[in-house]
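Student: Going down the list, the sequences are from chains E and D. Numbering of the first sequence is given in the working numbering, commencing with residue 780 and proceeding in unit increments. Numbering of the second sequence is given in the working numbering, commencing with residue 74 and proceeding in unit increments.
Rather than coming from a laboratory, the hints here were simulated on the basis of the structure. All values derive from a computational prediction rather than experimental measurement. C-beta: ideal position from N, C-alpha, C; glycine also. Please note: incorrect hints may appear among the correct ones.
Stated by the list, open to error - For lysine to aspartate or glutamate, the following DMTMM-like pairs were computed, each having C-alpha atoms within a straight-line distance of at most 20 Å:
id, chain 1, residue 1, chain 2, residue 2
1, D, 374, E, 1005
2, D, 374, E, 1002
3, D, 397, E, 1005
4, E, 883, E, 863
5, E, 1004, D, 369
6, E, 889, E, 858
As the list claims (entries may be wrong) - If you want the ones that stay clear, here's a sample from chain E, every Cβ over 12 Å from chain D, calculated:
id, residue
7, 842
8, 858
9, 942
10, 948
So you can see what is in the structure, the chains are spelled out below.
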Amino acid sequence: MPKRTDIQSILMIGSGPIVIGQACEFDYSGTQACKALKAEGYKVILINSNPATIMTDPELADRTYVEPITLEVVEKVIERERPDALLPTMGGQTALNTTMGLVKRGVLEKHGVTLVGASAEAIHKAEDREAFKQAMQRIGLRVPKSGTAHSRQEAVAIVETVGFPAIIRPSFTMGGTGGNIAYNREEFERLIEWALAMSPVSQVLIEESVIGWKEYELEVMRDLKDNVVIVCSIENFDPMGVHTGDSITVAVGDLDRQRGPTHAGCGSARHPRRDWGRHGRIEYPVRYQPGHW
Amino acid sequence: MKKAVLALADGTVFEGRALGYEGETVGEVVFNTAMTGYQEILSDPSYKGQIITMTCPQIGNYGVTPEDVESRRAWAEGFVVREASRLVSNWRGKQTLHESLVETHVVAIEGIDTRALTRHLREHGSQQGCITHLDLDHERAIGRARQAPGIVGRDLAAEVTCAHSYDWTTGTGDWAPWPNGEEAGSGARWRVVAYDFGIKYNILRRLVDVGCDVTVVPAATSAQAVEALKPHGVFLSNGPGDPEGVPYAAKAVEQLIGRYPIFGICLGHQILGLAFGLKTYKLKFGHHGANHPVMDLRTRKVEITSQNHNFAVQGEPVLVDIPKVSPVIDTRYGRLAMTHVSLNDLSVEGMASLEHPVFSVQYHPEAAPGPHDAAYLFGEFVRRMENHYA
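Bound-form chain D, shown alone:
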């Protein structure tokens, strides 16, 4: 078995076995605690610039299935697992994880102590890393890791967004979270323009499910160009990296607040935060997983959510305990409520304008992978459009 090395910028080195595409890669090393869903994770554009460590020790058991991808290609810079299954044990599986990584040019490593790596990242924070199959010299690999570009301030959305706008028409069908069609609304169709900062297919499918006719537009689309499409609502997608790396997006959104109902997810939520005049900051090791508890401060209900972000919106005041009521901030566009909070670290997980039909969440209501506790939020978006145009 061919050897491989994972080196971190702080000089920590893990020796393992080569997996996937043969080569060398650099990126910010993060860990994801989801036990399944590796295919969706690898193809999630929000992972651009990052090497993903899976904490679940066995990955690849059910293989890889073409229709389970979340975007047009794999975006992860690298992949780290304890053990990659050589055997595909599912009737839908068409490839092994290894075969898929080779085909999608993802350099990976297996056979390292992923628990030790995860603890290291928790303690010392996410940092740049290098996986190499080529030259296993530790010092050289550490050097490569140190020279690797960080994700702070980088415009990664520009690298993953679509080149041209397009319409999206398919829903989740039989795969809907509520198979009995309980959320089918009035039957009205809503024209929605979806900003693609690195959008996942399942967001688009879920928007169609709830009655939206979706036009996806590139990240740098101006507010005027959005207006020309005469939408009922605007959606701000998830995406990789630092919201301050895409200042043009917040500028465009500033012109859209108050004019259209807006719903943001993940990077879209952070961009909305910047547009409202709030600050964003980088988390120590981010939130990546499929079981993050979030409380809706208005209803006190807890949702188990899928998450993938390294940055967060800075709320006011900075929370030290779960607040009794949802905190409200005065912004240049009026009062903004912090509606959701992470029960792991009390970071802001959602907000809603009290003046405009504008709201956002930091987590992923579209799941893929993950639980569907928050699936109702797409319906909330439609309800806001219904009320706005009633």
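Okay, chain E solo, but in the shape it has when bound:
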């Protein structure tokens, strides 16, 4: 992939506080990105509210702002630094959400900042659960029964078809905040209120439970020329229901000998990216029921 010579300076948004869903791996990826971009001769401007990260060490980025990662502050940084590009994919959910906010407000357009690493459309497709589900179905992958609700009434209608236990997933929340499992109608009604309140767009996906299913993950790299490398598979030791962040995982996934899901995962890991226009490092989790693929 040839070097882009139309940009000289790149703003990178860090991940802020370390929480489940955006832990130290984002400090690692951000730090590596700083080094790689600087080695290529780009000026790197970094904003990260967490001074306890490696990436905020003074020698890494050319300009480092230890400031709150909010739309207002990032906009001010953009006004002051005038970066040519914004790299949103190294800072977890915080960076993605902030980027989407900047896109919606027209900040990037106003200051002529291009997105590198992922387009706004790609971020939307990956983060919006309904768009994600449709993208998966388009390439023929089976997904749990589900529906998207914007209100309590819609949610109740959907859970009738999905059944219990039901998974509640609010859109655009960090590390799954507001997500829950409801085992009965009473729990569901209580939890759905909270989930709707937590989602910045009041959107909640209600999904069939896959608790107890097997989980594995593919680490995928893709470049703009559509070269795809499945770096490795990672197998979760614990079944679905134990958060990946709490589970022992094994790379290379060595015990995974049900070819269907492994093959489907590898095949489709190549696929959706074409549909999405996203490249770089991609995590691709797959879940299935052993013996029932």
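Could you slot chain D onto chain E? The hints should help.
Tutor: Frame of chain E; chain D shown alone:
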């Protein structure tokens, strides 16, 4: 724990523990870098004549499952691992690796420094070796290794091919690389004759997937006998050893070029190379693994491929850098493009005739084990038949 010895022809000796079938074996020692897929590897007929060293330190974790074999039996002459798992941690696993090796009569050794062995083979090249559980005297074992037959010029295909022709009808089903059936073609069926030089089941399954009715024929089948089956296309399979050890195959293929669409894999690719008048040569330590990068010189796209070969087709000119366009050679059957190149050592990994619907790859698009980046090539074969008969 019973002791065992692996001795190489150059006098290097590794002491370890006995694994698998109790006995003594000789063969060419090679290493394979795939981290999983040991069962497919052991049953791949292309390993006839070879002792396989797995570079991944722990082998056998998921056990052995009857339906995962790639041919009617295990073919590897021997097996070398750092550690064989005693525990099967998968619901499909029916046997431990050790139990399976005993049942399939594969003599193996574990507990040796497989990294040191691999480095030795990389530096000094593949060579004959001997695994013994019986008499652990080093000098005697080295002597056995030195006397072992090499694989150069040997007709190993004759030892692994089927005795009689047969039809193959099952596809990969739910195990297809594209589970959504995206590659299902026009629904037309194509009669394909597949030469069995040591064919893997997954090649046959993949041919069925893309719409082929496959008849498998023994390696020594004549061009006239193929013609009598009235095929739409001819497939040349993978297989063990040296393509120059099976001169009759290249002779038959010479008569088929220009008459049928032909697709070759691995040994089939090398035999096709000989038929076109090219030369083949032995690689220093071969390509054995599931993560070999290959570039398609026409599209500049890189595929991560499964590979298993000790010989390669000699391209012209010999490459010292990745060429900007795919090199074209004038052959007795017209222009032949070198379409694919290994990014590890720039050896030829694929070729296609510019005059006839004939193409081949050195690597394994059927995977089993390995990635499916190249799975589309079976569809390419069907497209060539479609165009040829349109």
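Student: All hints, please: hold or fail.
Tutor: Going through the hints against the structure:
no.: 1; hint: 374(D) with 1005(E); result: holds, 8 Å
no.: 2; hint: 374(D) with 1002(E); result: holds, 11 Å
no.: 3; hint: 397(D) with 1005(E); result: holds, 19 Å
no.: 4; hint: 883(E) with 863(E); result: holds, 18 Å
no.: 5; hint: 1004(E) with 369(D); result: holds, 13 Å
no.: 6; hint: 889(E) with 858(E); result: holds, 10 Å
no.: 7; hint: 842; result: holds, 36 Å
no.: 8; hint: 858; result: holds, 41 Å
no.: 9; hint: 942; result: holds, 25 Å
no.: 10; hint: 948; result: holds, 24 Å
Violated hints: none; the structure is consistent with every hint.
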